[in-house]
Amino acid sequence: MLILDFEGYFQMRMATDPDPTDELRGVSGYTFAFCGEPDLDHKLHFQPDEPGVWERDFGPGGGPKVGVTVTSAKRNGIDAPELVGGKIAFVDGQVIEHNGLLVRNDYFIINPFRVTLTSGGKLLLDRVDNLDPSDPNMPENEATSPMLQRRQATTFTSNSEEVAAATGLPNAASVTLIQNRLDRKRSLEALLASTPKKDAVKRAELESRIYELAIVEQWWNLTQGTPGNRPIDRRAAQLALQLSGWNVDMNGAIAANRLGADERYPWNIAFWMGGWDGDAMCGYVRGTWTIPLAT
Amino acid sequence: MTPKITTRAELIDVLRTASELEHQLMAQYLFAVYSMKRYTWEGLEPVQLEYVRRWSSSITLIARQEMEHLGLALNLLSAIGGTPSFTRPNMPQRADYYGKAGIKLALTRGNLDTIKRFQRFESPDKLTKKLKPEEPVSQRRAEEWCSKKDEIKNRTQLHARMMAEAGALRAAAPGMLTTSAPVLGFGWASVQELYEAISDGFDTVAGILGERNLFVGKPSLQIFGGPGSAQQQGSMDDLNQYDVDLIGVTNLASAQMAITMILEQGEGIKVNPEYLRWTHFCLFTGIRSGMEEHGLGEVAARPVVSNPMTSLYPDVERSEVTLLTNAHSLQVSRIFNESYELMLLLLLYLYSDNVKTQTEVSSLMDAAFFPLMTMFIRPLAEILTELPAFKNSKETTADGMRNAGPGFELNGDVLLFPPDASWDLFQERFDTIVAMYDVLLADGDPWTGLPGQKESGSNHSRIWNRLEYMRSNMQRLAADWRAKWLNIGITTQ
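Protein chains in written order, with the numbering used here: chain A, 1 to 295; chain B, 1 to 493.
In isolation and in its complexed conformation, chain A is listed as follows (with noise of 0.2 Å):
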């Protein structure tokens, strides 16, 4: 068995609801391709160098960088250090609910969902996963509850403090959240001073990424809540919001294979999602990858 486990900082550029799920730049959710950026692909990004990247500058204070990679390998048992740092892509995949017509309450799955390990520029593993292995290129919105269901992530978990861990938060307090985007927000300022003034673009985006941190601070449910005592702004929220339980086996067809697994049965993979920076558009994942071996 060849065991790989995965982590690192993804990007996707998505709008997030209430816009509709193909919206380009972004209009009434808390994401948006701000002006001199690329239109929104909603695409996921493991790889920095993936067509469709954008990345931000966060300032003197720093912020994601896209990459995951293999941190740990074994093949039956036994350490394979020369796959550690191997780059694993989710290859045009998207997050998708389709606002609640395929799956509800963002319990979402990924689709395409096409998985690939590369190292030293070579691909090595590559493998597809079919809603149904009967009609592979059967349309996501034909799909039927169980389809869907082998796709889905089972799990919420609010205030995560793994997900805080493994993004270096200091802990997964809601306080400790707000003033990560507070800190982020003051980041941004520094930047914008320094942001010459015929950089016009550049200060455009920035201030808009200002006002949007800003929000943290605001509160909308004016029934609800004292200072203090606020239900969190999920510009916030989703920086330790972890979502769990993805476990496909994948089925379907595999187009690179030099690590020598074994074709006849299904490479599972296992991960979660989480520590959403709304600002960066990035995210975390863990998971990993568990290929039966021919030998």
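Now the in silico label distances, taken between C-beta atoms and shown as ranges: (1) Lys126/B - Thr223/A: 22 to 28 Å; (2) Asp420/B - Arg264/A: 53 to 59 Å; (3) Pro451/B - Asp57/A: 27 to 33 Å.
By construction, these hints were calculated from the structure, which means they are not laboratory data.
Each residue gets a CB set at the ideal place from its N, CA and C atoms; glycine is no exception.
Since the structure of chain A is provided, determine the placement of chain B on it from the hints.
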């Protein structure tokens, strides 16, 4: 003289008017925001587009809160034995349709004049008292209002003051209950005055009838979100998300809370100072400032005709309507109107006293809020403002406008289906809309020649691809309804 509300019947009538008014405001705001430019190929520089994007975000926030106000008005109505209504006249209507309030009902693109009109809709009384009908609010006075520091620090103080003022009003005019003018037409000078009258009316009628006798509505008919609601907090069905705050109304205190919230969010009357900048009036004031400062008043929006309609309805003036003549735009517009009416029918059933299980309540919400509003009505409206209004695509109106827009057309009253047939009749509506998409998209792709339509990896225009995405999703929605939502994935952990 401002009409005084002294009976349940008057209160019900006025709350129906308030519901209709909130509905009308929402439609006008949505029309304006969906006309605003989104892409660099539309002639704006990136920084200008960023300003327009910010304004669009603010207006969609305001529109969502108008939906919330409509929901609150319906809860107030239901709480005292009224029945819900989504009926409203088509637009445009004459400027005195809402009496001296001067609320001109019209669907106009998101330019400076429109923003000034919206700013006046949401204006505190204090700033409109000496203005002529439709005269814009003084921007200097508006900016002063929005930067003021009120001494009120929290809602407890705010409520105490409002109640004290209402009590003082009654004490000063003890004869009002017997000498009040009957409530005929719309007798208030502003939205603020309307809601203040409703607030006073609740106190008055509760005083006459007794609070328990006034609040005879079934608590189960209240549609609200957040803690204590039937919908799981944090789920898609929790209505208290995305900057809205629907509360249930079951007694005088919650009724006054709902009215206060409408006034806080809209006009910013006695609002907590930290919230003032987010009020509708101050948001519109900020947009107006930005448009004037950056010279974007006329170019922020697409050249969308005013009051576009697919046909002439008996409740509108021909001279104020722009009839669409482009065949494909007419088809898209009819799909929009059909989807909009279906959403209203679903909402009417949701708010009605028709017997329904909690599962059926969820089904109605699962169709009406997400996805009908977000995945169909909005994108159809956005697409319409990119399409030609007229058969000859070079034709324009006298003021140079040439694009279509969503007419929010209603062919008469929005009425409940017979209870026993409702679910099947809803299904027919879903299936009809799927068929309308099929017909539209079977007719090739007429939009490839429009600007900004090329998409990498596709032979079709961006508009065609977006409509195809909607068709696929509407097929899914129709199938989900038919399957009673049993074909969606897991929904709870």
